[in-house]
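Undergrad: Protein chains in written order, with the working numbering: chain A, 6 to 258; chain B, 32 to 319; chain C, 338 to 687.
Don't read these hints as lab results, they were simulated from the structure. Just so you know, these numbers come straight off a predicted model, no measurement behind them. Check the hints yourself; a few may be wrong.
Claimed, not checked - Per label pair, the in silico range of CB-to-CB distance:
1) C:ASN548 with A:PHE21: 39 to 45 angstroms
2) C:VAL487 with B:LEU86: 36 to 42 angstroms
3) C:VAL394 with A:THR82: 33 to 39 angstroms
4) C:THR458 with B:LYS282: 32 to 38 angstroms
5) B:ILE303 with A:GLN93: 52 to 58 angstroms
6) A:ALA185 with C:TRP574: 36 to 42 angstroms
7) C:HIS514 with A:THR82: 46 to 52 angstroms
Said to hold, decoys possible - Pulled a few chain A residues facing chain C out of the computed Cβ check, cut under 8 angstroms:
8) PRO80
9) ARG90
10) GLN93
11) PHE98
12) LYS105
13) ILE109
14) PRO194
15) ILE196
16) PHE199
Quick reminder that beta carbons are idealized off the backbone N, C-alpha and C, glycines included.
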Amino acid sequence: MKAEPILKVENLTKHFGGVTAVLNVSFELRQGEFLGIIGPNGSGKTTLVNLITGFVKPDSGRVTYSGKNITGKMPYTIAGHGISRTFQMVRLFYNLPAFKNLIIPLSSPRVKKLRGGEYGERDDVAVDLLDDMGFERDSFVPYKMAGSLPHGYLKRLDLARAMALRPNLLILDELFSGMAMSEVASTLPLIEKFNAEGITVIMIEHRLRELFRVVDRIFVLNFGEKIAEGVPQEVMNSDAVKKAYLGSEVEEI
Amino acid sequence: MSTLIYGTITSIVLALYTIGFSLTYGISGLANFAHGALYILSGFVAWSFLNQAGLPFFLSAILAILISGLIGFAFYWGLLLRIRGIALSELIVTFAAGITILELLMWKGFYGIQYSLPLFLRGGVEIKGVAVDYQRLFVVGTGILLVILLWLFVHHTKIGLAFRGIAQNERTALSLGIESDWIGALSLAFGSALAAVAAMVILPMGIMESAIGYNVLIYALSVAIVGGLESTSGMIVASFIIGFGQVITAKYIGARWMIIVPLSAIILVLAIRPSGLFGKFKELEERV
Amino acid sequence: MVNLRNLKKGSRLADRDTSYRKKRLDRGIKVRADTLFAISSHREIFYLLLPRVVPVVALLVLPLLLTGYWGKVLVFACMYGLLALSWDFLASCGLFSLGQALFFGFGAYVAGILSYYLHWTPAITLPIATLVGGLLSAAFLCPVVRLRGVYFAMVTLMLPMLLMKMIETTELVGGGHGLSALAPFHNEWIARYLAVVAFLACLFGFRRLINEDYGLVLKAIRDDDRAVMSAAINIYWRKIQALFIAGAVGSFAGAFMTHHYQFVGMSAFALDYSILPIAAAALGGPGTFAGAALGSMILVPLSESLRALGGLRIALYCIILIASVIVLPEGIFHYMERKYHQFEKLVKVG
């Protein structure tokens, strides 16, 4: 692991009208790390991801990636640098076959440059990728319309789409929400494998048990602010975090 | 000084053109591209009552306004209901309907010097050395009155606020029992009626022809967009900007260039600051 | 109340109370998806190729058969067809254009200017006008490529009007009178064939392009632009490319007509050229290109035969447009396709 952080977020702040979604959030990430971001609903996790990936422009603060300032740049520029993400509300093309969904990232300038891929190969690459993800090629699952796939498959398709871009930093926004235990059990090793291969991963999750098994460290957001950071055990034992999740009334009993 | 007076008059005229359009959009989110056509149609309807049925002008005008409202209502109920919510289809259908009306009017022979409406008031007065006829003053008065009424309605009445609620979030409004079909139809009815009101006071100052329909649409669009949709104050400010822009252009560059002002204004605003001067929502841009 | 035990098959009570419903069956050769077919006989190959081959052959033969007035109609149909195809292409990317006249006018004027001032022949002006027209179209529209559908449409509507007025007031490039006595095509037959070939090339070219990966990305931009952005694709650049392509096609039509009429004037930016393509595409069915082509092949001859009605024609296009949008949004082409591939029969219920 390199000493210089691959991702540096400094004092990121965003207000929406009267609501402060993210307030002065800062953190650093080294290459190859596996970071978890947790927090109650509405604590600003997705907004933070949107700020980093360019879908929302910050009011103040800075985001640096591999030494480059990517604050407020367009999402496709940031993705072009190698930051890929999944969406909480799965964004797929339901009227296309599953594997065709991957053609879009495979057609991007970034992948073209990395692969030098020729026309015609993309279909094969897409099907291969899906096969690796558990879409059984022999049962023709990759060829099915995305709209006809069950939810767990859709989430994995979203992951495949993000991976098709060959990212160095993968940001997963509640990938496991709505997935059955078995599906989580089969997907988590994949993500671990990607991390082992050198991809830096940020995971936003509510399913803490699974998350804590794989992450190096986590931090907690509450009302847009970072209230704790560190190894899972320490963080979950801190008072601030307990208060955030359970509410302060508990102490008064 | 004459620039000031004519500029003000032109601006209020522009505001009058726009009020109906803005109201319809504000209540139901429908951009009525047939607005200009309905404007001039009401003029011809009034003319028909006046010259073929022999009714007095005041009565003809009232009838024209009512009929405009009815046409607007029927148009919404009969056609637009089916494509409700699909903004592009609404645009296409209203625009095509507007063209149909205008071309049919042309084809039926409704052009020529005999097509004009009588003035409400004759004669004029001199203001600071500039001759202004009473009709123009009447127009200004009507304009100011309507704008004030619109402002009060939209900002201060319960119904007006309910309408704005619908415009912002239809589902919630529906769940509160507000019937959006009726409201949509009423919004177009009122918008058309207001277009007719504007027509009744403005058209007497010239000769009627279909081409006016296209121009009025352009003017209304320009004021609405420059000011920012959903903003009454924007509409007022924009009418003055475009109005004075037109008068100054006419004076120093040439009257032929006048229509270029609103056309360019639309394009420039949409290219540079799509939400307009006072637009609250950045709905026009691809939200990134 | 009917006692169900009495409803035996064949009994008169049963016959009176059975009802029928329509059942739609796909013909046997369709497999799994709309675009996959399992063919097992010559007859089936013929069945598939027929709807594709017949129109193409017909169009290639017609220029020989039609001369004079109806030959001109064929040319108009092909040129309006190009505008409709161009519109459909833009619609496939989520760009809704109310101003095909912009592209048409650009091509018309470039060809007209080159012909009038430099006396170049169509063989040279046509390619240049196509290219330059495409560039102008992309350039004029690129500032507003970020706008949402309705507002982009408004700009496309206003731009041709603005250009028309500017030409009229500045008196440049012919002003209100236009440029006349321009070079015609050398040979009437070549001109007609050029029109038909360009039309067919565009139809099949667009269909191919939209089904390739390039077109897939464009359609994806229409469906969900944020997902495409997160896949590291600059959606605005792609849209500008689409505008160039569509603009070039429209400009070709404009340039062609300039030489056909031997005249170009501000009417090249007229609303006519914007409305009829949309009406054609709506009638035929947006999104299929074949629909837009079919629509223009129906509307143009129709409007020509109603020439006597003058201004009523444009009202007619508009009525057809409204009717198509409201009553048959899928368009004639899809409807026909569906009927061709399915057949209905009455099936007893109960």
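Undergrad: Minimum Cβ distance from PHE199 (chain A) to chain C below 8 angstroms?
TA: violated (17 angstroms)
Undergrad: Does the CB of PHE98 (chain A) sit less than 8 angstroms away from some CB of chain C?
TA: holds (6 angstroms)
Undergrad: Do ASN548 (chain C) and PHE21 (chain A) keep their Cβ atoms within the hinted range of 39 to 45 angstroms?
TA: Since ASN548 (chain C) and PHE21 (chain A) have Cβ atoms about 41 angstroms apart, the given range 39 to 45 angstroms holds.
Undergrad: How does the Cβ-Cβ distance of THR458 (chain C) and LYS282 (chain B) compare with 32 to 38 angstroms: does it lie in that range?
TA: Given a distance of about 47 angstroms, which is not inside 32 to 38 angstroms, the answer is violated.
Undergrad: 33 to 39 angstroms was suggested as the range; check whether the CB atoms of VAL394 (chain C) and THR82 (chain A) agree with it.
TA: Violated, at about 49 angstroms.
Undergrad: So does ALA185 (chain A) sit 36 to 42 angstroms from TRP574 (chain C), Cβ to Cβ?
TA: Hint holds: Cβ distance 41 angstroms, inside 36 to 42 angstroms.
Undergrad: Taking the closest Cβ pair, is PRO80 (chain A) under 8 angstroms from chain C?
TA: holds (4 angstroms)
Undergrad: Would you settle whether the hint for ILE109 (chain A) is holds or violated, based on the nearest Cβ-Cβ distance to chain C being less than 8 angstroms?
TA: Given a least distance of 5 angstroms, the restraint on ILE109 (chain A) holds.
Undergrad: Does the nearest C-beta of chain C fall within a distance shorter than 8 angstroms of the C-beta of PRO194 (chain A)?
TA: Interface hint status for PRO194 (chain A): violated (24 angstroms vs cutoff 8 angstroms).
Undergrad: Taking the beta carbons of ILE303 (chain B) and GLN93 (chain A), is their distance inside 52 to 58 angstroms?
TA: Because 33 angstroms falls outside the window, the suggested range is violated.
Undergrad: Once the shortest beta carbon distance from ARG90 (chain A) to chain C is found, is it less than 8 angstroms?
TA: Since the shortest Cβ distance to chain C is 6 angstroms, the answer is holds.
Undergrad: Does the Cβ pair VAL487 (chain C), LEU86 (chain B) satisfy 36 to 42 angstroms?
TA: holds (40 angstroms)
Hints 3, 4, 5, 10, 14, 15 and 16 from the list above are not met by this structure, while the remaining hints are.
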